[in-house]
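The listed protein sequences derive, respectively, from chains A and B. The opening position of the first sequence corresponds to residue 1 in full-length UniProt numbering, with each subsequent residue numbered one higher. The opening position of the second sequence corresponds to residue 1 in full-length UniProt numbering, with each subsequent residue numbered one higher.
These are computed hints drawn from the structure, not numbers from a lab. No false leads were slipped in.
Which copy is meant is left open, so a pair is good if it fits within one copy or across any two.
With a cut-off of at most 30 Å between alpha-carbon atoms, the simulated DSSO-like pairs for lysine-lysine come out as follows:
# : residue 1 : residue 2
1 : Lys292    : Lys278
2 : Lys186    : Lys292
3 : Lys268    : Lys149
4 : Lys149    : Lys292
5 : Lys149    : Lys186
6 : Lys292    : Lys268
7 : Lys131    : Lys202
8 : Lys208    : Lys186
9 : Lys89     : Lys202
In this text the structure is predicted, and so the values were computed from the model without any measurement.
Number of protein chains: 2
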Amino acid sequence: MNLSADQSARAASRVVRIAVDCMGGDHGPSVTLPACRAFLAAHPEAELLLVGRPEALEAARDWPRCTIVPASEVVEMDDPVEIAMRRKKDSSMRVAISQVKPGEDGTAAADACVSAGNTGALMAVSRYVLKTLDGIDRPAIATVMPNQKDGYTTVLDLGANVDCEPEHLLQFALMGSALVSAVQGKSQPTVGLLNIGEEVIKGNDTIKKAGELLRSAANRGHLNFCGNVEGNDIFTGRADIIVCDGFVGNVALKTAEGLAAMLSSFIKQEFTRNIFTKLAAIVALPVLNRFKNRVDHRRYNGAALLGLRGLVFKSHGSADAFAFEQALNRAYDAARNRLLDRVHDRIVETLQALPAVAPADSQIPVAKTA
Amino acid sequence: MNLSADQSARAASRVVRIAVDCMGGDHGPSVTLPACRAFLAAHPEAELLLVGRPEALEAARDWPRCTIVPASEVVEMDDPVEIAMRRKKDSSMRVAISQVKPGEDGTAAADACVSAGNTGALMAVSRYVLKTLDGIDRPAIATVMPNQKDGYTTVLDLGANVDCEPEHLLQFALMGSALVSAVQGKSQPTVGLLNIGEEVIKGNDTIKKAGELLRSAANRGHLNFCGNVEGNDIFTGRADIIVCDGFVGNVALKTAEGLAAMLSSFIKQEFTRNIFTKLAAIVALPVLNRFKNRVDHRRYNGAALLGLRGLVFKSHGSADAFAFEQALNRAYDAARNRLLDRVHDRIVETLQALPAVAPADSQIPVAKTA
Chain A
1 MNLSADQSAR AASRVVRIAV DCMGGDHGPS VTLPACRAFL AAHPEAELLL
51 VGRPEALEAA RDWPRCTIVP ASEVVEMDDP VEIAMRRKKD SSMRVAISQV
101 KPGEDGTAAA DACVSAGNTG ALMAVSRYVL KTLDGIDRPA IATVMPNQKD
151 GYTTVLDLGA NVDCEPEHLL QFALMGSALV SAVQGKSQPT VGLLNIGEEV
201 IKGNDTIKKA GELLRSAANR GHLNFCGNVE GNDIFTGRAD IIVCDGFVGN
251 VALKTAEGLA AMLSSFIKQE FTRNIFTKLA AIVALPVLNR FKNRVDHRRY
301 NGAALLGLRG LVFKSHGSAD AFAFEQALNR AYDAARNRLL DRVHDRIVET
351 LQALPAVAPA DSQIPVAKTA
Chain B
1 MNLSADQSAR AASRVVRIAV DCMGGDHGPS VTLPACRAFL AAHPEAELLL
51 VGRPEALEAA RDWPRCTIVP ASEVVEMDDP VEIAMRRKKD SSMRVAISQV
101 KPGEDGTAAA DACVSAGNTG ALMAVSRYVL KTLDGIDRPA IATVMPNQKD
151 GYTTVLDLGA NVDCEPEHLL QFALMGSALV SAVQGKSQPT VGLLNIGEEV
201 IKGNDTIKKA GELLRSAANR GHLNFCGNVE GNDIFTGRAD IIVCDGFVGN
251 VALKTAEGLA AMLSSFIKQE FTRNIFTKLA AIVALPVLNR FKNRVDHRRY
301 NGAALLGLRG LVFKSHGSAD AFAFEQALNR AYDAARNRLL DRVHDRIVET
351 LQALPAVAPA DSQIPVAKTA
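Work out the full structure, taking the sequences as your base and the hints as a guide.
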C-alpha cells in the first residue's frame, strides 16, 4: 500500500494524527474532550483533529496539537442508518471518517478515526466513505476481552455481519491476525474458530467449511490456526484471536457483559447488606478494588472496524472519559504500528496463495507496492 | 395424552418414580449414589430406579424406595454417538431412558430419567428410544440461569440443533413456556427471542421470520412474547424464557461459564496475594460465601431434553453429589407437575391454530384425549 507523502512524513517523525468524532456517544464533548486532553498529555507525539460543532468544542480552541474541524450535524444514538447516510452529510461522524480517506494526492488528513456514535451508522458510513480493502467482502468489528492468562483475547466479528460464509470467517482470521501482530507485537498469534465442541465434526456446515479453509491457510503458513474453541475459551486465553459470525459474537459479548453486570451488582448487594458486611467491605476494599480494576471493562474499550481502507475505532456509546481515552489509545497503537498495511499484506498474500477462496468480484493487486 | 394406569395411580398417590443412570458422568456411582440418597431423604414420596452394573451399586441394595435395574455397559464421556447407539445397547444410559418409555400396555416404569452421560449420546439415544412428540421436529435442551431479579431465566436450545428454521424456534418457545409453567408455576411466562438488537429489523432472515411466527402465536394467545432480547438479558431477567438456535445458545452458555470461572479465579488470586489480603479474606469470608452460594452454578444443574415422548434430564458430566441432586430435583418437579402433558397440550393447541406453521410431515392429533 502506498503511503502518501504526508503520511510518510508523519511516519518518519512518528507523529500520529487521530480524528475524533467529539459529538458522538451518549455524552458528547463532556466525555470526549477530557479524554482527548488526557490522551494528548500521555502522547507528546500525537495530534488530534477534533470534529464537531465549533461552539461545543470551544474549550479546546487553544489546546496545543489540536485542530478543530467543524461539522454542523450530529448522528444521534438512535438514528437509523439511512438518516446517518442520507440526511446528515455534515455529521461529526462522517466528517471524522472522511479525515482518514486519502484525497486525490493520496494524502489523508489523519491516520485513524475514533467515534462513540452508533455502531450501525458508523459501519455504514465508514464503508461508504472509505470502501473495503481489496479481497475483503465485509468489514468486521473486533474487540479485546481479558483472559485468565492476564492477556487479551481478540474476538471478531461482533455484529457487523449476521450471516457469514466460510470465506468471511477466513478473512476475519487474517484481519484479526494482522491486528494482534500490529498492536500486541505477536508475530504468529493463534486463531481459534468458535464452535460448540473441539472436534472437527462439530458445528453447522458453514463452520465446518470455515474450519477447512482455516486449516488450509495454516498449512500454507498464512495463519497459526489452533482449531475449534468453545465459548469459555474467550476467557481461558487458549487462542489469541477467536473468529465467529457477527450474530454469535454479539450474543457472546453481550452475554459476558450481562453476567459481569449481574455479578457486580450481587457483590455490591452482599457487601452492603448490613453493618457487619459493610465493615467487611471496608477491610476488603483494597482487594476488591484491585479485582475490579483487573476486570474493568472500560480498559478494553475501543473496537476496531477492520477491512476498510482506513482505520476506524468504535468506542462504547456509554463510555466515560477514561474509557474513551482507551479507545484513543487503541487507535493510536494501531496507526503507529501500520495496522492498515499489515491487514492489506495478510489479505494479499493469503488470497494469492488460495485463489479458490477469493470471491469472484474481488480485485487483488498482483504485487504489493509499498 | 393418555396416562397409563400405573402412571395414573402414581399421579393420584403423588408418587414420582425417577430412573437414574448411575454410571454416567465423570464420576459415576461415587457421585450419583450419594446424590440419590440425599434426594430420597428430602422426598419421602419419591422412588428411584438405580440403573447400572449391580456390583457398582451394591451399596444401595437395601435402600428403601429403591430398585436396582441392571445394565452391563457404560457410555463413556468421549464415546461417539454411534458407539452409544449401536454398540452399547445394554448401557446404563439406554436402560435408564427405556424406563420412561411406555410399554405395550401404555405403562412406563418411571416418570422421568436423569443422566450425567455425554450430551450427544443422551440426546441421540433418547430420540431413538422415545421418539419426538407429535408436532415437534427436533427436541431441544433447556436449562436455567440465575438472573438479577433473583429468579431464573430458561434458555433453549443449548446445542441439540445447530441449524434452526423459524418453525423450530417457535416450537422451542412453546416447549419452554410449558416447562416454566409446570416447574415455576407461572401461567403466562414471557418469551424473548435472542437477537443482536431489540428492533424487529435486527438479525438474520431466520430470526426475523421466527419473530413473525412468535408474534403471530402471541396474537392468538398461545404465547406471551415480549420481543427481541439481547445476550445480557439472560441475566437481567427481562424474559422468563429465551429462545435461540443451539449453536448460539451453546456459545452463550459456555461464554458465561468461562467468564464466571475467570472471575472466580481472579477473586481467589486477589484474596490470596499476601498476608494482608488473606486477613481481608477471613473478614470478608461470610459475605464472599453468601455471594458464592448465590451464583453457585451447581444449583442450576439439570437441563431438560424437551420434545420427547418422555422426560429426560441431563446433569453436567462433572457434577458433584450436590449438583447431581439438583438435577434429580428438577426431574422430580417436572414429573410431578405433568410437564410432558403440558408440552403436548401447548404444541397441539398452537399448531392447530397455526396450521401454516406445522411442517408437512408432522402428525398432529385433532383432539387431546387425556
